[in-house]
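Same order as they appear, the protein sequences are chains A and B.
Residue numbering for the first sequence follows our numbering, beginning at 1 and increasing consecutively.
Residue numbering for the second sequence follows our numbering, beginning at 1 and increasing consecutively.
To be clear, the hints were calculated from the coordinates, so they are not data collected in a lab.
Every residue, glycine too, gets a C-beta built ideally from N, C-alpha and C.
The reader is advised that the hints may include incorrect statements.
[Stated by the list, open to error] Label pairs and their computed distance ranges (CB to CB):
#1 78/A - 101/B: 46 to 54 Å
#2 152/A - 101/B: 39 to 47 Å
#3 139/B - 227/A: 26 to 34 Å
#4 125/B - 77/A: 20 to 28 Å
#5 97/A - 69/B: 24 to 32 Å
#6 77/A - 273/B: 28 to 36 Å
#7 152/A - 342/B: 53 to 61 Å
#8 242/A - 297/B: 20 to 28 Å
#9 217/B - 232/A: 55 to 63 Å
#10 241/A - 394/B: 28 to 36 Å
#11 224/A - 262/B: 38 to 46 Å
[As the list claims (entries may be wrong)] Simulated crosslink set (EDC-like; lysine to aspartate or glutamate; CA at most 16 Å straight-line):
#12 53/B - 187/A
#13 383/B - 295/B
#14 14/B - 185/A
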Amino acid sequence: MAAFTAEIVYRGIFQKNLAARIVRGIVLSARKSGRWGIAFGRYGDSPQRNGIPAKDFAIVADTKEELEQNMARYEPKHVDVTICVDDTLAKGVESWAWYGLQPLNRLIVPGGTLLITSLQPYGDILRDIHRKDTPFTMALIRARASFSGLWVYKEDHTEVRILGALAKIVPAFLSLDAVCQAVSEMEWGSDLKVASARKAYDRLESREIEAGEGNPETPYSFELPRWWEMREGVSIPAIPLGKPKEGGKGYVPERNPYFKKFSTRTMRPVIDFDTCVKCNLCWISCPDSCFDVMPDGTFDANMESCCGCGVCEAVCPVEKCITMVNESVFDDNASQWDAWRQDKDAYRTWMIDKISNTQATVRSHGFRFRGQYEEELKSELDAGGQAITAGIPGENAQHKTV
Amino acid sequence: MAVETKAAQAAEDKELLISGSEAVAEALTLADIDVVTAYPIRPYDTVMQAIAKKISGGQLQAEYIVAEGEHSQFEIVKHASMVNARVFCGSSGVGWAYAMECLVVTPSLRVPMVALVGNRALDDPGAFGVEHNDALFVRDLGWMLCWIDTSQEALDTTLIAYRVAEDRRVFLPLAISADGAFLTHSQAITMVPPKEKVDRFLPRYDRGDLQLHPDNPITVAPQVNEDWVIEIRRQTNEAMKRATTVIEEAYTDFRRVFGRGPENPWFEEYMTEDADVILIGMGTISLPLKVAIREMRAKGKKVGLVRLRWFRPFPTDRLVAALSKAHAIGVIDRDYSFGSPFGSGVVANEVRAAMYNAATRPPLVSFTGGLGGREVTLEDVHKVTEMCFAAAASGKSDVQTHWLGVRE
């Protein structure tokens, strides 16, 4: 008499296929021991936007009745394991369906596990992950976030490493042998991938996180109105105009108080206000209108609404005036312009520290020029990586069923 | 001997982890459809994607036509069906509404098209979640209409649908309704039968004397006046009546060939034998209802569920027989009918009408819930049941319709 529920928190579009493979893998592995299961995505996350946090779920149970018991809700209210395949999601999860910002570990049961792919030390991740009233285990797979897209798939074995790690975390439901067998039968499976699953099983690290340990911030939330409080005609109040800055020389528009979007971001623009030529291009091109006009004619990226797409960096005509830097090296959404205005030397020191961090400026996703992927692949191979050219669409493509 | 072994192996079902939409695509492949049209709208679009994959993977040979909208989508399959092609089409929400002009003509033209309605709330507010009002648009028009609950039922019902619709005694369009998200997007373990079994169950579509063909010169849909209309409607009515027998036959034969499927095609009865209160719903709402019923049974409360599969033709006699035993009935509609009798949903009012001539009429309480895909919680179901037990105790129907899950 037992059931097991896992959720995968992933980046919309970029990791959609990855998450789907993992939840399918969980159910098919558990099926090896005769268990029943279901795999599904959170419908309210659709249609996905690039990078927006989204969720998939897998539920497995000993009997069909127990499965029903655990399925009988829109989405699980508690999970045994939360799997996170990008550590910048540690800052919180905001679906575009107006749920507020939810801590990554919110659904984990007492004593449950957060399984996360990351290169950061535990302490750095814990700076972001919100504190919880009950203890849980943080398990780490040492890996960079795997990003690809809706139509392409990065065969870096992340899906099987997660499955191998799960065999260590919940061996009662997924034995390592069952995982390996399921992987070998997948349309995308291979012997190499089975080996990767085994290695992840062996190498999995973990640490107990005590109650109250972690980020003390209370994530923003709001209450949904009652039916009679809502304006009729499916109409909502417009976003207020905002405020002039310093006597009308600058202008900061209000942003949507319910849907902030910043948890969509894996990288943020770091701006050198000293070299800005005030050309307006970032302000015009930003798809989320996140740039505000400052009194001196420069532009400040509003970190509550920036989705981290990198268009500003791409259009900026001045070298290194805007640099995209990984979100994990920032602790808050404070205004860069305010910091620069307050103390220009200190800001420069801070900025150079960020933009010269070669780890943090590696592009997390997307490509800036044609052939970049091939170039990156070559450099990874030159550095000792393993060629998996037959991995797309899969060594077992002949087993493809759906 | 060797041949026998091979045949036995070939006859084995294949187990797949697939969504309701993918299960429909499996069935369409097994039914070897000829023409499929597509225009994307969530959640139906998952079906068109799954069929496209089947065709690109070489498992299905069919004409796949991407139309410029739902209206054309249904026009194309209508014409294809006229020339004896087995056709499939589908839509959701306002996409289904946009096709309405083509949907209304198919019953009188006796086009046995099979459509999937991935149930979706109507716009506005542009939500994707399930409501049943989209499929119910066609309830009065001569479309057969059924609701499914699991991936397995999606696959099986799609096969049955062609068998029923393409029976010469019927020749009516048939819409299969699948709850958006809960069924269309959830992957569950599903048994996929081999083609040999399907071939034993599903004969080829033969339009016979109604086929548009140079060798069979006919004109379809000439303009007529009042001298002709009632007779045409009477024909459709007769076909719908005959469908009842054909559906019974099809399920019996399905059980014979596939070794699974319900004895009662019309509705699933769950723990109703001795039930004081019977709850009624359609589609995946059965899941929280069943789980809550098990909880209540454990506490000694005799509650059962009737999950309606077929809405058109409506199983009046069998339903009345099943419900008359109860002391109270609770109907949970995942739809609305504003301004209707008692403000009830469509199913509640149909059940009331069906019960009108029944010798015993238990009190009926109606509920509207789960709109726009909102969860019907176990707590909701417990509340529903309590109200039904109160109605049973008083012997009176509570005429107001209760809304579940709304923020009051």
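Hints versus structure:
For the pair residue 78/A and residue 101/B, the beta carbons lie near 48 Å from each other, so the given range of 46 to 54 Å is met. For the pair residue 152/A and residue 101/B, the supplied restraint of 39 to 47 Å holds, since their beta-carbon distance comes to about 41 Å. Distance hint check for residue 139/B and residue 227/A: the Cβ-Cβ separation is about 27 Å, which falls inside the suggested range of 26 to 34 Å. A hinted range of 20 to 28 Å holds for the C-beta pair residue 125/B and residue 77/A, which are about 25 Å apart.
Range check, residue 97/A to residue 69/B: Cβ separation about 27 Å, and the 24 to 32 Å hint holds. Separation of residue 77/A from residue 273/B is about 33 Å and conforms to the stated range, judged on CB atoms against 28 to 36 Å. A hinted range of 53 to 61 Å holds for the C-beta pair residue 152/A and residue 342/B, which are about 55 Å apart. The beta-carbon spacing between residue 242/A and residue 297/B, approximately 58 Å, falls outside the hinted interval of 20 to 28 Å.
In this structure the hint that residue 217/B and residue 232/A lie 55 to 63 Å apart at CB holds, the actual value being about 57 Å. Between residue 241/A and residue 394/B the beta carbon distance is about 57 Å. The supplied range of 28 to 36 Å is therefore violated. Here the CB-CB span from residue 224/A to residue 262/B is close to 40 Å, well matched to the stated 38 to 46 Å. At roughly 14 Å between alpha-carbon atoms, residue 53/B and residue 187/A fall within 16 Å of each other, so this suggested pair holds.
For the hint pairing residue 383/B with residue 295/B, the CA-to-CA distance comes to about 13 Å; that is within 16 Å, so the pair holds. Distance hint between residue 14/B and residue 185/A is fulfilled; the C-alpha atoms sit about 14 Å from each other, no more than 16 Å.
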